[in-house]
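> Kindly produce the complete structure, drawing on both the sequences and the hints.
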Amino acid sequence: MNHQKREDLVKSVLFVFSITASLILLLIIIFLFNEAIRLFQEVSFLDFLFGTKWNPEQGLYGAFPFVFFSIMATLGALIIAIPLGVSCAVFLAEIAPGWARDATRPVIELLAGIPSIIYGLFGLVIIVRFIKVSLELATGETILAGSIILAAMILPIIISISQDSIESVPKSFKLGSLAMGATNWQTLRKIILPTALPGIFAGIILGVGRAMGETMAVVLVLGNSENMPEVVKQLLGKEGSSTVMQLINQVPEILFKPGEALTSAILLEMGPAQVGGLHYSALFALGVILFCITFVLSVASNYILSRSQISVR
Amino acid sequence: MINSKTSDKVMKGVFWFSALLIISILFLILGYVFVEGIRVVNLSFISDMPKNNWREGGIYPAIVGTFYLVAVALLFAVPLGVLTAIYLVEFRKEDNLTSIIRISVDSLNAVPSIVFGLFGLSLFFYYLKDFTGGPTIFSGGLTLGFMILPTVIRTAEVALRTVPLSEKLGSYALGATKLQTISRIVIPSSIPGIITGVILGFGRAAGETAPIIFMVALNPTMPEFPYLFSQCNALTTQIYYLTSEAISIERAFGMAFVLISIILISNYSARLINKYLARNIRR
Numbered sequence: 001m002n003h004q005k006r007e008d009l010v011k012s013v014l015f016v017f018s019i020t021a022s023l024i025l026l027l028i029i030i031f032l033f034n035e036a037i038r039l040f041q042e043v044s045f046l047d048f049l050f051g052t053k054w055n056p057e058q059g060l061y062g063a064f065p066f067v068f069f070s071i072m073a074t075l076g077a078l079i080i081a082i083p084l085g086v087s088c089a090v091f092l093a094e095i096a097p098g099w100a101r102d103a104t105r106p107v108i109e110l111l112a113g114i115p116s117i118i119y120g121l122f123g124l125v126i127i128v129r130f131i132k133v134s135l136e137l138a139t140g141e142t143i144l145a146g147s148i149i150l151a152a153m154i155l156p157i158i159i160s161i162s163q164d165s166i167e168s169v170p171k172s173f174k175l176g177s178l179a180m181g182a183t184n185w186q187t188l189r190k191i192i193l194p195t196a197l198p199g200i201f202a203g204i205i206l207g208v209g210r211a212m213g214e215t216m217a218v219v220l221v222l223g224n225s226e227n228m229p230e231v232v233k234q235l236l237g238k239e240g241s242s243t244v245m246q247l248i249n250q251v252p253e254i255l256f257k258p259g260e261a262l263t264s265a266i267l268l269e270m271g272p273a274q275v276g277g278l279h280y281s282a283l284f285a286l287g288v289i290l291f292c293i294t295f296v297l298s299v300a301s302n303y304i305l306s307r308s309q310i311s312v313r
Numbered sequence: 001m002i003n004s005k006t007s008d009k010v011m012k013g014v015f016w017f018s019a020l021l022i023i024s025i026l027f028l029i030l031g032y033v034f035v036e037g038i039r040v041v042n043l044s045f046i047s048d049m050p051k052n053n054w055r056e057g058g059i060y061p062a063i064v065g066t067f068y069l070v071a072v073a074l075l076f077a078v079p080l081g082v083l084t085a086i087y088l089v090e091f092r093k094e095d096n097l098t099s100i101i102r103i104s105v106d107s108l109n110a111v112p113s114i115v116f117g118l119f120g121l122s123l124f125f126y127y128l129k130d131f132t133g134g135p136t137i138f139s140g141g142l143t144l145g146f147m148i149l150p151t152v153i154r155t156a157e158v159a160l161r162t163v164p165l166s167e168k169l170g171s172y173a174l175g176a177t178k179l180q181t182i183s184r185i186v187i188p189s190s191i192p193g194i195i196t197g198v199i200l201g202f203g204r205a206a207g208e209t210a211p212i213i214f215m216v217a218l219n220p221t222m223p224e225f226p227y228l229f230s231q232c233n234a235l236t237t238q239i240y241y242l243t244s245e246a247i248s249i250e251r252a253f254g255m256a257f258v259l260i261s262i263i264l265i266s267n268y269s270a271r272l273i274n275k276y277l278a279r280n281i282r283r
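Quick mapping for you: the protein sequence lines, in order, are chains A and B.
Its first residue numbered 1, the first sequence is counted upward by one per residue in this note's numbering.
Its first residue numbered 1, the second sequence is counted upward by one per residue in this note's numbering.
Derived from the structure by calculation, the hints contain no laboratory data.
Being a predicted model, the structure only gives us computed values, none of them experimental.
Below are the DMTMM-like pairs computed for lysine to aspartate or glutamate, each with C-alpha atoms no more than 25 Å apart in a straight line:
hint, chain 1, residue 1, chain 2, residue 2
1, A, K171, B, D8
2, B, K178, A, E7
3, A, K174, B, D8
4, B, K9, A, D102
5, B, K12, A, E94
6, A, K190, B, D8
7, B, K275, A, E109
8, B, K275, A, D164
Here it is as C-alpha cells:
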C-alpha cells in the first residue's frame, strides 16, 4: 500500500472516531426525548412547563416550582459571583505582581477541581448551620445557602474566561489611555472592561449553565420542598392580586426559604418512580428542560466568545 | 468628590481583597475537610471492609469501585479523545464539519451531570440491559467516559497545537510522510499535554456523583469476576448516601478527605509529570 492510500485510510478511520462526540450528544437527545414523550401524550407541554402543582400520586406534573427555584438559586449565585469573579479576573490580568498571580492561579484550578459533592457536604455542615444560627431561622437549608455554594462553584469559570478576555484587550488601548493621563482605574473602567465585556458576559453565561445543572451540592443544601412560596403564586396570578411593588418586596423572603431545584427533583424522585411510568417519564421531561437550558446557554456563550475574539484581533 | 488618585488606590485594594477572599474560600473548604477527615482516617479506614451499614470498619470497596469506574471511563475517553484531537488538528481544515464537531464537544461539556445520569439509566440500565447487566461497572464507567470525553479532546487539542510548525516542516523536509510526521514528531512532543489531560479527566471522573448515582450499589460490594459486569460502590455516591440518610457525617468527611487527597495527588503529579516530560522529550 502506498503512503497516500495509507494516509487516506487513517484519515477515514479517524473521522469515524471524531464524530463520537456528536453521536453521544445525539443519543442523549434521542434517549431523553424518547422517555419524556410519554408524559407529553398525557400532559400538554405548556401545562408541564408552567404548571405550579407537582404531585405524581395525583397525576399532577407542573415543573414550574423546580424551574423557579433553580433560577432563584442561580440568580443569587450570580449576585455574589459576578463582582467577586470579575474583580479577581482584573486582579490576575492587570494588577497582580508575578508571585501573586502564581499563587492565585492554582487556587482557582483547585476550586474548579473540588468535587460538587464535597461542596455540598461543606455547605450542609458550615453554611447551612451558619445561616440557621445567625439569622435565627427554623432551617438553614435555604435558597440563600444554595446561592452561596453555587457562587463558589461558578467562580472559577467566570474568573478564567474573564481573565482571558481582559488579557486579550490590545496593549495599545491601555497604553493610549494611560498616555492621556488617565489613572489605572479610569483606564480599566472606561477602556479595558468595556472592550472585554463580551468575553466576560460569555463567562457569566457559562457560569449560569453550570449553576442550573449543578446537582449534588444543591440537593444537600436547598432543603428540597417544592411547595411554592406565596409570592410565586401571586406572580402567576393564581391567588389574589397584588401590586408589583408588593411582589418585589416579598422576593427577599424566598431567599430564606427552602426550595427544590430541577436537578434535585430528578435525583430524589428517580428511586420511587416506577420505570416506564408517567412519573419516570416526567423526570426525563425535567431532564429535557435542563438539557435545553444548558444547550442554549453553551451555544450562546461560545458564539459570543468566537465573535469577540475576531473583533479584538 | 473623591479624586481620581484616591479611587485608584481604593479599587486596587478591592481587587487584592477579592483575590484574597477567593484564596481563603479554598483554604476554608480544604482545611475543614482535612480537619474533620483526619479524625476518622487511618490505615484500616482505607483498607478494611465496612461494617454495620458503613458506620464502622473501612471504606475499601468505595475506593476500589471508584478506581474501577474511572479506569473504564479513561479507557473509553482517552483513545477516542486523542484520536479526535489528532483528526481535528492534523487532518482537517476548519470547515462546517469541524465546527459541527466542535459545537458538539462544547455542548457535551455543558450537559449537566444529572442528565448524563438519566441518559446512562435509560441507555445502559434498561435499553442495553441484556448486554450491560444493568447497574454495573461497565455502565457507570462508560457514562463517566462520555462525560469526560470533551475534557480529553480539548486538552489533547491544545497539546497538539503547541507542537511548533518548524518541527513539522523539518520532518516533511527530510522526506517524511504525513503519518510518519504525526507518529514520530507530533504525538511524542505532545505527550506531556496529553498526559495532563488524562489526569485532569481522571480527577473529574473520580469526583463525579450524579452520572453514576443510578449505577452503583449502596451496600458494601466488591467487584467479582467478570469485573466489568459486576456491581461496585463509589466514594462520591457513598458520601451522598451517608450524608443524605444521616448515617454518619463524620465518616462522610473521612471519605471526602480520601477523595480530595486522590484528586490533589493526581493534579500535583500531573504538574510534575508535565514538567519532567517537557524537559526530557525535547532533547
